[in-house]
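With the hints as your guide, set chain B onto chain A.
Listed below are the residues making up each chain.
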Amino acid sequence: MADAATIRRTFVVRYRNVLLGGLAVVLFFAAWQAIFLFVPLNPLFMSKPSLIAAGLVDLIDSGDLFHDLAVSAVPFFIGLVAAVIVGVPLGIVMGWRPRVGYALDPLMTVFYASPLVALAPLLVIFFGVGVSGKAIIVFALSVFPFIFNAHAGVRAVDRLLINVVRSLGGGEWDLYRKVIFPSVLPYIVAGARIAVGRALIAVLVGEFFAASEGIGYAISRFGDLFAIDRMFACILVVMAIAVVLTEGIRWAERAAFPWRVGQ
Amino acid sequence: MTGYIEGRNVSLTFRPPNRAPVRALGGFDIEVEEGEFLSIVGPSGCGKSTFLNVVLGLTKPDSGEVLMHGKPIGGPGSDRAMVFQEFGLLPWRTVQHNIELGLELKKVPVEKRRATAERLVVLVGLAGFERHYPHELSGGMKQRVGLARALATDPDVLLMDEPFAALDAQTRDLMQAELLRIWREARKTVLFVTHQIDEAIYLSDRVMVMSKRPGRAKKIFAIDLPRPREYEMRVTPEFNDLKLEIWNTLKDEIVA
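In order, the protein sequences belong to chains A and B. Take the first sequence: its letters are residues 47 to 309, numbered as in this note's numbering. Take the second sequence: its letters are residues 11 to 266, numbered as in this note's numbering.
Pulled out of the complex, with its shape left as it was, chain B reads as follows:
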């Protein structure tokens, strides 16, 4: 069986000038099914964000290949969109115009852009904030805009690079529940990178643990917990068993 997104033996070394080269990925394999929510957890610097950038098309691997629908990824495309950890909102644009950015770059007519933005503002729970600037928003609200912007071009795959890491713990819990709600409605394939095992289990169909640098796939866990998932699920024995199991796999890779 072939996956919807497939990484085969992906290797990548960064060669920063005047510094030692860094092997970020060393023979990384992955298969992502269509419509699934897959999280990648791994120690800091294991190359998990690097892999997202390869899928996004901003970074090219040195060897190996990443396929989508069986075709190699050659560059950015509107079938993929990223939600960035630090939001990446244009500070001189209102919420509405930030959401429209991708459509604007695709030369979508103004009325259609506006209609899409209006629908997404409601979906991500920001109705009434269309004309606000990013500096007037809280961190959670900024990431709602980041999510809406990624959804605006209607991609098949949503790439999320530690999207909630810059938020405080309570906002993060709230945003995770929001993401599940939005995912239920929008039905995208999600590739989600995080440091948090809790977060990965709560959200995902499968959780991949990566090795330390140079990153490889170490083990994949199927999360057979029923959906829709509620916050209470996080205190069930099944949840905690998984958490412990994933932690035991991950901890050997962490170099403190």
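Extracted from the complex, chain A is given alone in its bound form:
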């Protein structure tokens, strides 16, 4: 029978990576908290974890946090869904029809590489401070990862598999259903991981410029009011959401595409 020391040792070995990562996070916040003991930082400009936690509890209690998150979620999801609907077919056509690909590739590259958030003030002027303006900013930033990844996915389709399906009597539509779409799907999900991060930036920037509610608005207003604890609380919440979304997609990738794990 295993004694307590052995059990403890196997536990440490099994969860070593998680433990090390968690330890670093804990140390980071502990160091942040501790620095105030030695350095006289102005609490007007800098906060510490204990105060941020109190601010977070306050925001949760009052219901403000969930209200702002719910408001921001609307343009976030509308913009992302629109990006999938436009980006995936466009990328697939660019990959499957080389002429379309050659024609559109330079333009798309320019848009993808340039900091489109610079257009945010203009879009707010065009579409106002409501949902539509922000959804369009989200769309503009998050559509390109879908286009480029679907494009790359189609180009990476194994020609042999196309021949296999043709040789077994498959037609054009069968090629899409049995080979092209399943090949491209993991690329689209990988693109979603990038797109989600960009969509979060888009929502925040949109709300910094013009909004009367939403999590980005809350961050900028608390900053203006020098309510640094609450501002940090909102920022940490956004960070946590970003991590949960991107890691969630990463986990879904591993669960949904087991054949890619071996590659």
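These aren't lab readings, by the way, just hints derived from the structure by calculation. Ideal placement from N, C-alpha and C gives every residue a C-beta, glycine not left out. Treat the hints with care, as some may be off.
[Stated by the list, open to error] Computed footprint of chain A on chain B; a stretch qualifies when at least three of its residues, placed anywhere within it, have a C-beta under 8 Å from a C-beta of chain A:
| id | region |
| --- | --- |
| 1 | 100 to 113 |
| 2 | 138 to 149 |
| 3 | 201 to 214 |
[Said to hold, decoys possible] Okay, the calculated bits of chain A under chain B, using three or more residues with CB under 8 Å as the criterion:
| id | region |
| --- | --- |
| 4 | 214 to 221 |
| 5 | 292 to 306 |
[Said to hold, decoys possible] From the derived model, a few chain B residues whose C-beta atoms are all more than 12 Å from chain A:
| id | residue |
| --- | --- |
| 6 | ARG29 |
| 7 | ASP72 |
| 8 | PHE94 |
| 9 | GLN95 |
| 10 | GLU96 |
| 11 | PHE97 |
| 12 | PRO165 |
| 13 | LEU177 |
| 14 | GLU188 |
| 15 | ARG194 |
| 16 | ARG197 |
| 17 | GLU242 |
| 18 | VAL245 |
| 19 | GLU248 |
| 20 | ASP251 |
| 21 | VAL265 |
The following block gives chain B in isolation, referenced to the frame of chain A:
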């Protein structure tokens, strides 16, 4: 006498963009009998795989014709199926669903597909691996799936394009014996392309040697060795005589 599959004066030139055209086949003639196992050996790039693709219906010759049952081949059909060198398994499908692919494309009902796949999984020796994905299988097992998939649509002709070339030497020997066992049970006409003279003799009723590019039929050897064939047959004087004879015919064509 006319053959079951007949190639008459088949010529084909590839014209890749921005590169010199390649004459793959230049007046290739062949006759394959029903139920026979015929191997084609030839130097690299002699057009032997190209000819399989013509029979499969994926490639059209520039001139000449290929007949099956006396009718020209116009495109892919369920009377022919190919086993590919690089397996060509769909990585997102389990063994079972890979085997069912051809039946699915033919709109065969699910229960019938499943029954066929279950029978073939046993035939190719993969019982218990139905739910495995290709990346979980060894090379030999992958090709067993490739073979089962080709057999699933019950074709009359099995086209095999260097099916064991991607396997290590021992697995290859094992798979050759397995193929003979399966061929005895399934009784298909087999057109088998290979680089290996040993393999061709061991498996075949006849072995065709092709010339270098543009490929033509150079000589056909009848392999009158008794069946069923065992591994020991490979070290008999008769086997080695044939091997030497085929090598002497082939070696002039090889451009090293």
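Next item on the list: Kindly indicate which numbered hints from before are broken by the structure, ordering the numbers from low to high.
Entry: Result: hints 3, 8, 9, 10, 11, 12 break, sorted rising.
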